[in-house]
Amino acid sequence: MNALQVLRPHTRGELTATPETVGKRPHVTIRGLSKRFGSTTIYDRFDLDIPRGELVSVFGPNGCGKSTLINMIAGLIPPDAGQILFDGRRLEEIKFGYVFQNYREALFPWLRAFDNIAYPLKMMHVDSAERRKRTEKLVAHLGVKIDLNLYPYQMSGGQQQLVSIMRALVVQPEILFLDEPFSALDYEMTLFMREQLQRIFLETGTTTVLVSHDLEEAVFLADRVLLLSRHPALVADFPLIAAARPRTDATLSDAEFVRIKAHCLEVFQREVRRA
Amino acid sequence: MTAERLKPLLPAVGVAGLFVLWSVVTWQQWVDPVLLPSPIETAKALWSGLDGGAMGFDFVKTVYRTAASTAIAAVIGIPVGIALGASENVYRSLEFVIDFFRSTPASAMFPLFLVLFGVGDETKISVAAFGAALVIVFNVAYGVMNARKTRLLAAKVMGASRLRVLFDVMLLESLPQTFVGLRNGVSLALVIIVVAEMFIGSQDGLGHSVFEAQQLFDMPRMYAAIFAAGALGYGLNLLFILAERRFVHWSGK
Chain Y
-11 MNALQVLRPH
-1 TRGELTATPE
9 TVGKRPHVTI
19 RGLSKRFGST
29 TIYDRFDLDI
39 PRGELVSVFG
49 PNGCGKSTLI
59 NMIAGLIPPD
69 AGQILFDGRR
79 LEEIKFGYVF
89 QNYREALFPW
99 LRAFDNIAYP
109 LKMMHVDSAE
119 RRKRTEKLVA
129 HLGVKIDLNL
139 YPYQMSGGQQ
149 QLVSIMRALV
159 VQPEILFLDE
169 PFSALDYEMT
179 LFMREQLQRI
189 FLETGTTTVL
199 VSHDLEEAVF
209 LADRVLLLSR
219 HPALVADFPL
229 IAAARPRTDA
239 TLSDAEFVRI
249 KAHCLEVFQR
259 EVRRA
Chain Z
138 MTAERLKPLL
148 PAVGVAGLFV
158 LWSVVTWQQW
168 VDPVLLPSPI
178 ETAKALWSGL
188 DGGAMGFDFV
198 KTVYRTAAST
208 AIAAVIGIPV
218 GIALGASENV
228 YRSLEFVIDF
238 FRSTPASAMF
248 PLFLVLFGVG
258 DETKISVAAF
268 GAALVIVFNV
278 AYGVMNARKT
288 RLLAAKVMGA
298 SRLRVLFDVM
308 LLESLPQTFV
318 GLRNGVSLAL
328 VIIVVAEMFI
338 GSQDGLGHSV
348 FEAQQLFDMP
358 RMYAAIFAAG
368 ALGYGLNLLF
378 ILAERRFVHW
388 SGK
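Protein chains in written order, with our numbering: chain Y, -11 to 263; chain Z, 138 to 390.
The hints are simulated quantities; they were obtained by calculation from the structure and are not laboratory data. Be a bit skeptical, because a hint or two may be false.
[What the hints assert, rightly or not] Beta-carbon label-pair distances, calculated as ranges: (1) Y/L138 <-> Z/V227: 48 to 58 Å; (2) Y/T17 <-> Z/N226: 30 to 40 Å; (3) Z/G372 <-> Y/N50: 51 to 61 Å; (4) Y/E183 <-> Z/R382: 29 to 39 Å; (5) Y/P66 <-> Z/A380: 33 to 43 Å; (6) Z/V227 <-> Y/R77: 36 to 46 Å; (7) Z/R229 <-> Y/E244: 54 to 64 Å; (8) Z/E225 <-> Y/T17: 29 to 39 Å; (9) Y/R33 <-> Z/N226: 34 to 44 Å; (10) Z/E259 <-> Y/L138: 42 to 52 Å.
Glycine residues also receive a C-beta, built at the ideal position from the N, C-alpha and C atoms.
Generate the whole structure from the sequences, applying the supplied hints.
If you want it as structure tokens, here you go:
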């Protein structure tokens, strides 16, 4: 666990130095994953490698099991069969962060934003002075300008989700999961939050898995887009998004970006029609 | 602008209207003045009763009994409600029994409690506590059971143990519903206490005061005692609302 934290700067260096991160040692290996809900088979002997230090977006038709996938990886839903390993270790042996779509229900309204962020450290039995120190360090590191003495219900939706993300990051996770984190926000806030997330990713280099229902968002944020087929889900495509970071509004109209987005859309529509 | 500023005064309109209507009715003698004294007479009776009179003592007695029964009900009801709400199986096993006794009018239990505790304060307080506790148990259990799923999952993902989830999330999640239970509980306790003071060989309390005034045909005093009981009920409810706002600041947000 500790060795990894020491390693992180290197993986981050790798990422920025060589954008073509193909052939890098995978961080998460999923083998033979199966899951049924009632008579519906969502996953049937599903295999996937998630590369280290990359931001992977998961996109696919409705009900194909995007959220189910990250919920199984993050241990929120037990798979029926299969194995998910993080550098060969089980979920219980690693530190990870999870950001829910519904920030309103995921944060603790009885705690101030600061204590919400520090809560996971309490679960790790970190003493209160150290909790304060680490939380303050994270806040300073991310340059977040929110009054963290407020309670969540006193904040805007975007601010609350930012608090959720910081709560997930405070343990210095090896991997960060986000389940449609911005879909409950208005468009203006969504754009702002995309930028925040990209900045956080560039700062920390944490392997990130993001479920999105917005193709532009999925492509804009990702190093790779995991395009899933209808259930039982298969990897329809897993293209690399090579656009340089930090990506800006200009990236959206960049020829290569437009091409890869069109490609993703084509794959998506092919999968939707397959029904 | 001025209309906006006057808005907080709107509740006073209803109160003023009631007094005007009451004054007109008594002034025009539409109702036998023996049955309905004027507001001024009633106010005088209330004032003289509370200011060193017997009604002040009765008021304090009723407050004491209601507070004692609510306190007992809370001490028993909250932990039982948590235990019930925390385990689906325990809840399902006991749901019927508790719901049955909650549906039983607490006043029907008077004879039983009279046999157990005699005619003193213990009977009144314990019947009221019995009724209030069942209301509190149900609300607390309901609050614990209906803790937001996402919040429980969030705690779990952050590595909280089952016990941690119970104390850090479920308990706090159930607080708004616990206060609903306490408010309903204290209202029910007051109802039971006042009834008990009327009929269970009582020498004091607001219930006794209302009943005695009616027996003596002292109508101003009867109305005064009714108003005192009403004010007490309203005040207790308000007290819990203020406490909730103070301690459950996130409620309804």
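Results for each hint:
1. Y/L138 <-> Z/V227: 48 to 58 Å: violated (38 Å)
2. Y/T17 <-> Z/N226: 30 to 40 Å: holds (38 Å)
3. Z/G372 <-> Y/N50: 51 to 61 Å: holds (54 Å)
4. Y/E183 <-> Z/R382: 29 to 39 Å: Given range 29 to 39 Å: holds, Cβ gap about 38 Å.
5. Y/P66 <-> Z/A380: 33 to 43 Å: holds (42 Å)
6. Z/V227 <-> Y/R77: 36 to 46 Å: holds (37 Å)
7. Z/R229 <-> Y/E244: 54 to 64 Å: With Cβ atoms ~60 Å apart, the hint holds.
8. Z/E225 <-> Y/T17: 29 to 39 Å: Since Z/E225 and Y/T17 have Cβ atoms about 36 Å apart, the given range 29 to 39 Å holds.
9. Y/R33 <-> Z/N226: 34 to 44 Å: The hint (34 to 44 Å, Cβ to Cβ) holds, given that Y/R33 and Z/N226 are roughly 36 Å apart.
10. Z/E259 <-> Y/L138: 42 to 52 Å: At roughly 49 Å between Cβ atoms, Y/L138 and Z/E259 fall inside 42 to 52 Å, so the hint holds.
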